[in-house]
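Undergrad: Each chain is listed here by its residues.
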Amino acid sequence: MAEAVKAAARQLPAFKLGQKQVFLPNHVITMLRKEHLPPNEACFKVPLRFTKFDLRDYLWNLYSVEVTAVRSYVKQQPLTQRSTSSRSWYRPQPQKIMTVELAKPFQWPEVPADLEPWSNELWKMREDTIEKRNEEQLVRQRFQIPLKSQEPVPKERVELGNLAKKMLAGEVKWENNVVLDPRWDQILGKDKAVKSAEKTTTTS
Amino acid sequence: MSIAAAPNALRASSGCASRLWLSLQKSPSSSLFLQVASFSTTAPQCKRKTKDSNKRRGVSSLYGSGPREPLSMSNMPLPKPVEFKPKIEVDESHGLWGFFPAPGKLLLTPKETEEHGRAWEVEELRRKSWEDLHALWWKCCKERNMLATARAELLRGKLGFGEREIDSRDEEVTKTMRAIKHALTERFYTWQDAVEVARSDPEINLEGGEGQVYTPSAYEEGYDDVPAVEEADKELKEPTR
Numbered sequence: 319m320a321e322a323v324k325a326a327a328r329q330l331p332a333f334k335l336g337q338k339q340v341f342l343p344n345h346v347i348t349m350l351r352k353e354h355l356p357p358n359e360a361c362f363k364v365p366l367r368f369t370k371f372d373l374r375d376y377l378w379n380l381y382s383v384e385v386t387a388v389r390s391y392v393k394q395q396p397l398t399q400r401s402t403s404s405r406s407w408y409r410p411q412p413q414k415i416m417t418v419e420l421a422k423p424f425q426w427p428e429v430p431a432d433l434e435p436w437s438n439e440l441w442k443m444r445e446d447t448i449e450k451r452n453e454e455q456l457v458r459q460r461f462q463i464p465l466k467s468q469e470p471v472p473k474e475r476v477e478l479g480n481l482a483k484k485m486l487a488g489e490v491k492w493e494n495n496v497v498l499d500p501r502w503d504q505i506l507g508k509d510k511a512v513k514s515a516e517k518t519t520t521t522s
Numbered sequence: 221m222s223i224a225a226a227p228n229a230l231r232a233s234s235g236c237a238s239r240l241w242l243s244l245q246k247s248p249s250s251s252l253f254l255q256v257a258s259f260s261t262t263a264p265q266c267k268r269k270t271k272d273s274n275k276r277r278g279v280s281s282l283y284g285s286g287p288r289e290p291l292s293m294s295n296m297p298l299p300k301p302v303e304f305k306p307k308i309e310v311d312e313s314h315g316l317w318g319f320f321p322a323p324g325k326l327l328l329t330p331k332e333t334e335e336h337g338r339a340w341e342v343e344e345l346r347r348k349s350w351e352d353l354h355a356l357w358w359k360c361c362k363e364r365n366m367l368a369t370a371r372a373e374l375l376r377g378k379l380g381f382g383e384r385e386i387d388s389r390d391e392e393v394t395k396t397m398r399a400i401k402h403a404l405t406e407r408f409y410t411w412q413d414a415v416e417v418a419r420s421d422p423e424i425n426l427e428g429g430e431g432q433v434y435t436p437s438a439y440e441e442g443y444d445d446v447p448a449v450e451e452a453d454k455e456l457k458e459p460t461r
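Note that the protein sequences, when read in sequence, are chains Y and Z.
Those letters in the first sequence? Residues 319 to 522, per the working numbering, in order.
Those letters in the second sequence? Residues 221 to 461, per the working numbering, in order.
It is worth saying that the hints were derived from the structure and are not from the lab.
With a Cα cut of at most 27 angstroms, we get these calculated DSSO-like pairs of lysine-lysine:
| no. | chain 1 | residue 1 | chain 2 | residue 2 |
| --- | --- | --- | --- | --- |
| 1 | Z | LYS362 | Y | LYS414 |
| 2 | Y | LYS483 | Y | LYS466 |
| 3 | Y | LYS363 | Z | LYS305 |
| 4 | Y | LYS363 | Z | LYS395 |
| 5 | Y | LYS363 | Z | LYS325 |
| 6 | Y | LYS450 | Y | LYS466 |
Please build the complete structure, drawing on both the sequences and the hints.
TA: As structure tokens, this is what we get:
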């Protein structure tokens with residue numbers, strides 16, 4: 319008999335459990351990773367109306383985790399736009415964060431090194447694109463239309479400039495490999511003749 | 221007059237004193253005393269006191285200003301604490317593993333998250349006892365907590381895709397929970413109807429105490445056994461038809 323009482327006492331936690339029974343609650347408790355916390359502490363996001371005693375009893379009854387102390391704070395949320403297109407702003411519900419001190423320390427598992435199952439590279443590319451587009455939109459909304467001269471010089475123009483420099487220096491001869499109409503021959507021939515005549519005059 | 225003005229000038233600021241000096245110069249009657257006043261030895265005291273007598277002004281431990289003057293050991297670098305975070309071995313029976321898919325596993329991959337069955341349907345839950353439904357409800361709660369933790373970790377660590385899979389699985393769990401409430405609500409309505417029927421039934425005395433509720437007008441022996449057997453036979457035969 320005495321041993322049974324002792325066993326029952328060992329089953330119970332060091333604190334006094336709540337007496338009120340709760341049936342079919344809809345609470346969702348999220349365990350949060352906090353790098354700065356020591357292993358004997360754990361952090362949870364709980365519903366706003368949760369109390370410290372609620373979390374303590376919840377963890378004991380559902381997960382049989384004994385908790386020695388609970389700290390809590392309510393985290394205010396920043397003003398948020400309802401959607402990017404509307405001008406309606408609102409303040410989201412604040413979040414309640416509770417930190418508990420555990421009787422048995424707990425270490426968070428490692429983040430998986432191989433992120434291939436989550437298609438991490440593709441996801442990152444997508445995120446970058448979205449961010450870039452958002453920035454462009456912001457600039458456009460501020461009417462900061464960039465001048466043509468202030469835009470970065472495109473690659474083709476740089477190549478064209480280099481080619482022009484080379485041609486001016488005589489390194490490259492211009493040629494477009496176009497078969498001209500025979501009627502041009504006379505004109506060009508005349509031109510050539512004139513040029514050659516000039517040359518001969520200048521050289522003589 | 222100038223004697224009376226002198227104590228005032230002691231307290232007034234230097235600018236104030238000069239103005240006083242000008243105003244006094246204009247009045248011809250007091251010109252003799254004014255020259256004396258300009259050579260007064262108390263004049264430096266007219267200057268506004270700027271030096272702070274508080275030796276620890278601006279020294280704060282809150283924003284780490286350090287001492288006002290460099291100390292003898294100011295050039296010596298202080299030793300810094302080693303970044304030491306002890307790794308703790310957690311056994312698999314720790315209760316907080318309930319927030320994870322398996323002990324030592326942070327979260328499910330999207331493919332694993334997708335591998336789930338359908339939700340319980342109301343037709344299936346109607347036959348379950350309250351104990352079963354209650355246990356299933358808490359199972360669902362734990363599953364939702366696990367999914368919420370996985371989701372938070374996915375977003376925090378920027379691991380990649382997988383939010384949609386978590387959401388759809390969560391939705392499936394929620395459907396089960398909804399079905400549980402549906403079944404229980406039905407059961408409650410049935411009970412209400414039964415109470416209503418019992419009120420009008422002459423053989424049932426609702427006001428009676430324990431064991432006195434059912435008061436049959438005439439007790440028929442063997443009535444309970446025979447129809448039960450017949451019904452069982454019917455049920456057995458029916459599927460074969």
